[in-house]
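Protein chains: 2
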Amino acid sequence: MGSEDKIVDVNFESLLRIFTVPEAPDSTLGNIEQKLSQNLNQFLREHIVAEEKPLSEIEKDFADPAIPELPTFVSEHTQHLLETVVSHSVHTSAPSFIGHMTSALPYFLMPLSKIMIALNQNLVKIETSKAFTPLERQVLGMLHRLIYSQDDSFYQHWMHSAQHSLGAFCSGGTIANITALWVARNNALKADGDFQGVEKEGLFNAMMHYGYKGMAILVSERGHYSLKKAADVLGIGQQNLVAVKTDHNNRLCSIALEQKIQQLKTQGIKPFAIIGVAGTTETGNIDPLEKIAAIAQREQCHFHVDAAWGGATLMSNQHRYLLKGIELADSVTIDAHKQLYIPMGAGMVLFKDPSAMHSIEHHAEYILRKGSKDLGSHTLEGSRSGMAMLVYSSMHIISRPGYELLINESLKKARYFADLIKKQLDFELISEPELCLLTYRYVPQDTQRALQLATADELKTLHQYLNELTQFIQKSQRENGRSFVSRTRLTPEKWQRMETSVLRVVLANPLTTIEILHSIIEEQRIIAQTSPFVLPKIMQLTHIILDRDPIE
Amino acid sequence: MGSEDKIVDVNFESLLRIFTVPEAPDSTLGNIEQKLSQNLNQFLREHIVAEEKPLSEIEKDFADPAIPELPTFVSEHTQHLLETVVSHSVHTSAPSFIGHMTSALPYFLMPLSKIMIALNQNLVKIETSKAFTPLERQVLGMLHRLIYSQDDSFYQHWMHSAQHSLGAFCSGGTIANITALWVARNNALKADGDFQGVEKEGLFNAMMHYGYKGMAILVSERGHYSLKKAADVLGIGQQNLVAVKTDHNNRLCSIALEQKIQQLKTQGIKPFAIIGVAGTTETGNIDPLEKIAAIAQREQCHFHVDAAWGGATLMSNQHRYLLKGIELADSVTIDAHKQLYIPMGAGMVLFKDPSAMHSIEHHAEYILRKGSKDLGSHTLEGSRSGMAMLVYSSMHIISRPGYELLINESLKKARYFADLIKKQLDFELISEPELCLLTYRYVPQDTQRALQLATADELKTLHQYLNELTQFIQKSQRENGRSFVSRTRLTPEKWQRMETSVLRVVLANPLTTIEILHSIIEEQRIIAQTSPFVLPKIMQLTHIILDRDPIE
Numbered sequence: 191m192g193s194e195d196k197i198v199d200v201n202f203e204s205l206l207r208i209f210t211v212p213e214a215p216d217s218t219l220g221n222i223e224q225k226l227s228q229n230l231n232q233f234l235r236e237h238i239v240a241e242e243k244p245l246s247e248i249e250k251d252f253a254d255p256a257i258p259e260l261p262t263f264v265s266e267h268t269q270h271l272l273e274t275v276v277s278h279s280v281h282t283s284a285p286s287f288i289g290h291m292t293s294a295l296p297y298f299l300m301p302l303s304k305i306m307i308a309l310n311q312n313l314v315k316i317e318t319s320k321a322f323t324p325l326e327r328q329v330l331g332m333l334h335r336l337i338y339s340q341d342d343s344f345y346q347h348w349m350h351s352a353q354h355s356l357g358a359f360c361s362g363g364t365i366a367n368i369t370a371l372w373v374a375r376n377n378a379l380k381a382d383g384d385f386q387g388v389e390k391e392g393l394f395n396a397m398m399h400y401g402y403k404g405m406a407i408l409v410s411e412r413g414h415y416s417l418k419k420a421a422d423v424l425g426i427g428q429q430n431l432v433a434v435k436t437d438h439n440n441r442l443c444s445i446a447l448e449q450k451i452q453q454l455k456t457q458g459i460k461p462f463a464i465i466g467v468a469g470t471t472e473t474g475n476i477d478p479l480e481k482i483a484a485i486a487q488r489e490q491c492h493f494h495v496d497a498a499w500g501g502a503t504l505m506s507n508q509h510r511y512l513l514k515g516i517e518l519a520d521s522v523t524i525d526a527h528k529q530l531y532i533p534m535g536a537g538m539v540l541f542k543d544p545s546a547m548h549s550i551e552h553h554a555e556y557i558l559r560k561g562s563k564d565l566g567s568h569t570l571e572g573s574r575s576g577m578a579m580l581v582y583s584s585m586h587i588i589s590r591p592g593y594e595l596l597i598n599e600s601l602k603k604a605r606y607f608a609d610l611i612k613k614q615l616d617f618e619l620i621s622e623p624e625l626c627l628l629t630y631r632y633v634p635q636d637t638q639r640a641l642q643l644a645t646a647d648e649l650k651t652l653h654q655y656l657n658e659l660t661q662f663i664q665k666s667q668r669e670n671g672r673s674f675v676s677r678t679r680l681t682p683e684k685w686q687r688m689e690t691s692v693l694r695v696v697l698a699n700p701l702t703t704i705e706i707l708h709s710i711i712e713e714q715r716i717i718a719q720t721s722p723f724v725l726p727k728i729m730q731l732t733h734i735i736l737d738r739d740p741i742e
Numbered sequence: 191m192g193s194e195d196k197i198v199d200v201n202f203e204s205l206l207r208i209f210t211v212p213e214a215p216d217s218t219l220g221n222i223e224q225k226l227s228q229n230l231n232q233f234l235r236e237h238i239v240a241e242e243k244p245l246s247e248i249e250k251d252f253a254d255p256a257i258p259e260l261p262t263f264v265s266e267h268t269q270h271l272l273e274t275v276v277s278h279s280v281h282t283s284a285p286s287f288i289g290h291m292t293s294a295l296p297y298f299l300m301p302l303s304k305i306m307i308a309l310n311q312n313l314v315k316i317e318t319s320k321a322f323t324p325l326e327r328q329v330l331g332m333l334h335r336l337i338y339s340q341d342d343s344f345y346q347h348w349m350h351s352a353q354h355s356l357g358a359f360c361s362g363g364t365i366a367n368i369t370a371l372w373v374a375r376n377n378a379l380k381a382d383g384d385f386q387g388v389e390k391e392g393l394f395n396a397m398m399h400y401g402y403k404g405m406a407i408l409v410s411e412r413g414h415y416s417l418k419k420a421a422d423v424l425g426i427g428q429q430n431l432v433a434v435k436t437d438h439n440n441r442l443c444s445i446a447l448e449q450k451i452q453q454l455k456t457q458g459i460k461p462f463a464i465i466g467v468a469g470t471t472e473t474g475n476i477d478p479l480e481k482i483a484a485i486a487q488r489e490q491c492h493f494h495v496d497a498a499w500g501g502a503t504l505m506s507n508q509h510r511y512l513l514k515g516i517e518l519a520d521s522v523t524i525d526a527h528k529q530l531y532i533p534m535g536a537g538m539v540l541f542k543d544p545s546a547m548h549s550i551e552h553h554a555e556y557i558l559r560k561g562s563k564d565l566g567s568h569t570l571e572g573s574r575s576g577m578a579m580l581v582y583s584s585m586h587i588i589s590r591p592g593y594e595l596l597i598n599e600s601l602k603k604a605r606y607f608a609d610l611i612k613k614q615l616d617f618e619l620i621s622e623p624e625l626c627l628l629t630y631r632y633v634p635q636d637t638q639r640a641l642q643l644a645t646a647d648e649l650k651t652l653h654q655y656l657n658e659l660t661q662f663i664q665k666s667q668r669e670n671g672r673s674f675v676s677r678t679r680l681t682p683e684k685w686q687r688m689e690t691s692v693l694r695v696v697l698a699n700p701l702t703t704i705e706i707l708h709s710i711i712e713e714q715r716i717i718a719q720t721s722p723f724v725l726p727k728i729m730q731l732t733h734i735i736l737d738r739d740p741i742e
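Here the protein sequences line up with chains B and C, keeping their order.
Under the working numbering, the very last position in the first sequence is 742; numbers go up by exactly one each time.
Under the working numbering, the very last position in the second sequence is 742; numbers go up by exactly one each time.
Pulled out of the complex, with its shape left as it was, chain B reads as follows (with noise of 0.2 Å):
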C-alpha cells in the first residue's frame, strides 16, 4: 500500500511514542510513582507543604489563559506540578485533618484506580464497559440489599433486568438527590388521561393538568445546600423547598412537618416529596425516619432519605439502629467517597421499587436501546467511568464487619473526644455526636459564668466576639498548617437559636489518634488565649458582667 507514509510524518512519530512508550521507572514521574506505592503520607507530608500560602499568591502560578505552544517534557512537568499543584493542595488524608468528610483511602485503592483508568471502560452503555455493567448492577443491588434487605429472589429478579434499575450510581451526593427528586417529580405528574406526562409535556402543562399552584419538597432546616440546586433545576423553584424546624437534637420535628403540609395544601400546593436526612452535613444528626415514613406514605408523598453521608453506617449492626425507619424510603442516597473510604467521584441513589426509575427512563437509536440492560437509560450522567469497581473491591476486600469497624470506632472515637470536650473548663460542646460528627466551641471559664448572667444585650454582644473568636481560631489553627478542624454556623436551643459559630470534626479518619484529639484541642486553647484582638473584647465585657454581679 505505501501511502503510510502520506499519513505518518515524523512529528506524528514522536506524538506516538506518548501512547505507546510507558515513563520510564527511572523517571521523574516513575520516582513519584514509585514513592506513592512505597509511602503515601510520607510522600504527601513531605511534599504538600504545611504552610498556608494566600490563594492570592498561588493563582500566579494559574494565570496564563493560553494554551502552550510549546511542548514540555514530562519529567519537568512533573516537577512543576509537585512545585505548584501537590504542594499547595490539601493533605485530605492526614489524621489531624479532622474538618474534612474526605478520609484517608486505603492503600490498596490506589493501584486499583490505576487499573480502572488504565481500562477507561464508559458504563453508559454495555458495548464500551461489558463486565462493568453487571459489576456495577451488583454494587446497587448491595447497596439495596443493604437499605431495604430484600430476599435473594427479589435481587435474582431485579438486578440484572434489562427494563429495571435499582438505582443508579453516579459522581457524588447532588447528583444522586437530584435523581431521586425527579423522578419523584416525575411520578408525581406522570401521565394521565390525556396528559403526556411531565417528562413530555413539562412543568407547566402538569400543573395546569393536576390543577396545583405549586409543588414542594419539604426537608429539615439542615437539609444540605444541593436540595435548592434541585429545586432550582427542577423548576420546583427555591422558595417551595420548605424547610421544617428542627428539635435541640437539629432532628426535624414532625408535628412542624405535618403543619407545613397543611398549610401548602390549603394553598393548593402539592407536597410530592419528603427528605428526612440521615446524618446532617454539619452536626451528623438523623431525622426520625420512621415518623417522616408515617407522614409521607399518608400524604402520598415520595420519601428520600438523604443519606449521603449516615448511610455507610447500616454496615454496623452494632450502630445501624440509628437509621431505623431508612428501609421505608423510596429512595436513599448515600456516597461512598465519604464513609465507604472510596476516592473522590462514587455516590449512588437507590430505590426500593424497581419499577421507580421508568419515569425518567430514556433511549436513544445508536445507544440505550429498548432491552438492552445499558445503564445510561436510568441515569442523570451520559459518559461514565468504572468508579463502580472501587466500591465492589472494597466491599470484598473490607468486607461487612471490616466496615462495622470503622464506623464502630468512628463512634467511639466521636464519644471520647465529646467527653474530652465536656472536661475543658474552657470549651463548650454545642453538638453531641450521633454519628463521628460533633461541634464545639471555645468559651474562657469565666465567660461561662458571665453568659448566664448577662443581660439581653450583653449577652448579644458576647455572644458575636466569641463567633469572632471561634472564627479566628479556626482560621489560624488552618494556617499553622499541623491540624485542621472546619467551622459553621448553628441556631442552637441553648442559645436562643442565636447565630452560633462553631468549630466542626468528622472523626472517620482511622488513623486519627487520642493524641491528636488531645494536641488540637490544645492547639486551639493556645490560640484563643493569645489572640490579640478578640479574647481582651470577651474578657473586658466578661469582668464587667462578673463585677457587677454581686451587687445586684
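Hints are computed from structural coordinates only; laboratory data are not their basis.
Since we're looking at a predicted model, the values are computed, not measured.
Watch out, some of these pointers could steer you wrong.
No copy labels: a pair is met if it fits in one copy or bridges any two.
[Unchecked claim] With a cut-off of at most 30 Å between alpha-carbon atoms, the simulated DSS-like pairs for lysine-lysine come out as follows:
| hint | residue 1 | residue 2 |
| --- | --- | --- |
| 1 | 403 | 455 |
| 2 | 380 | 390 |
| 3 | 435 | 390 |
| 4 | 380 | 403 |
| 5 | 563 | 481 |
| 6 | 435 | 560 |
| 7 | 403 | 390 |
| 8 | 390 | 602 |
| 9 | 390 | 455 |
| 10 | 542 | 563 |
| 11 | 684 | 560 |
| 12 | 727 | 243 |
| 13 | 560 | 455 |
| 14 | 613 | 563 |
| 15 | 560 | 602 |
| 16 | 435 | 403 |
| 17 | 563 | 243 |
| 18 | 390 | 727 |
| 19 | 542 | 665 |
| 20 | 560 | 650 |
| 21 | 390 | 250 |
| 22 | 563 | 250 |
| 23 | 560 | 727 |
| 24 | 380 | 602 |
| 25 | 380 | 225 |
| 26 | 514 | 727 |
| 27 | 450 | 380 |
| 28 | 390 | 514 |
Starting from the structure of chain B, add chain C where the hints point.
Below, chain C without anything else, positioned relative to chain B:
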C-alpha cells in the same frame, strides 16, 4: 492517658494496616501495577479475552447481592478481578476498536491519575482543594480562550474572579449540556418586577408571569440524546425539544429552523435556546454555526453549541475553520475525555459572558460562602475530583501543536478510509467524514445495481435485508473480538430517508494504522459473504430484479 487501648483493639489494628501499609511490590497487585506501567497494551491484550462471552454468562459472576461477611486477601481479590472483570471488559484503547469515542490514552496520564487519586481533593471548595481550584479555573480559562479568543486583560479580570465563572468542569457532556440549558432557562425567566425569577419561584409561576404557554429548545434532528434528558429534568418537557430538519450532510437547515421558530411563536411558545451541534455523535457533522448564531441573536435566544466531540478540533489551526461561528455561542460543551485524550469523566461547559452563571449561583452557610472562590457555587455537581489536573498536564505536555497533529492525522485517516470504501465495489459510503467520523455499509455489487432498478416495494424489502446484514456484520465482528466498529441508524436523503443501518467508525485513536483499516473491511466482507441467512435472501431478490430488467 492509657485510654487508647479501649478504642483500638486488635482487629482494628489489623484493619488500620490497609490504610498504612502499601501493597508489597512483589504482591499480585504490585505486579499488575508494574505490568501496567511497563506495557499497558500488552497487559490489556493478555488479560482481556478476545472472544465474547454472553452477558448472561458474565452476570453469573455478579449475582450475589450480599456484602461479603468475610474479608478477602488483596491478592486473591486481584486475581478474581483479573478473571471476572478485566478479562471481560472492553479494550477501548485497542487500535482496531474504532467504534467508540474512547481511544488510547497517553502513558503519562496513568501515573498522573494516581497522584490525582492519592491527593483525593474535592473541588467543591477551596478548603478541600486549594491549588486545584485556581488550576481548574485556569483550565476553564484555556478552553474559554480556545473558543472565544478574548484578550489577556479579559482573562486577567475574570479567570479568578470570585463572583464569576467562565464555565464549569463536570463529569461529562450530558451534565455540561444540562448546565448550559439550566443557565439559559434561568436567564430567560429571570426576576422581573414582583416576580423573583424561576430559580426562586419555579417554572409554573415563571410562565404565568411571562405569559408563555411553553418554552422550547431547538436542535437538529441529529442532536444528542442528552438534550432530551435536559428538557425533561429542567421541566421544559421532551416535546418542547423541537427537532429541526437536516440537509443531506446531517446539518441543520437554517430555513427549517426559522420556520419552526415562527410556528412556536404563533403558538405562544417561547423559543429560549437554540443548539448548534459541532460534531454529531453519529456522523461527526457540524451545523452552520454562524447562521444559527444570527437567528439566535435576532430571536433573543440563548445559543448553545454542543461541541462535546468536535470542540477539540479548535486545537487545529488547519481545521478550526470548520467550527466557524462557535465564538458567537453563549455557551459551549466540550468533552476532554473524547478527543483531548483524557480518561473518562472530564466534561466542560464554557460561557462567553462571565456573568451568565449568576442565574444558577448558590451559597450555603458552611460552604460556598459569598465572595469565596469556591467552584461549587457554579456547578450542578457538588463534590468533584481533581480531573482538571489531567487536562492541565496534557495541555502542557502535548501542547496545542501536539493536539493539532493528533486532530489533523485523525481527519486525514478518516478521509483515507472514506476513499478506501469508495474504491470497494461492494461497500457504500453513507456519510462523508467532516471530522474523523464516517458511516458506510456493505452492499453486494449486484445489489447496488438492483437498488437502482427496484420497484418501491422491492427497494423497501431490499433495504430491510441490508439493514439485517449490516447488523449481522457488526455483531459478528464484535463477537470475533479482533476489531470493533459501531452501528447506528440514519435516514439518508439518497435512500428517500428510509431507516438505514450503517457501520460507524471514529478514527481518533492515533495507533490505528492503515493496515488495520484495510483488514477491518476485509473482515466485514468475509462475514457478509459467509452470512448464512441474510446474504442469500439479498442475492435472491437482487437476481429477481436484475433478471427482470433486460426484459423491461
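Hints the structure violates: just list their numbers, smallest first. 5, 8, 13, 14, 15, 18, 19, 21, 24, 25, 26, 28
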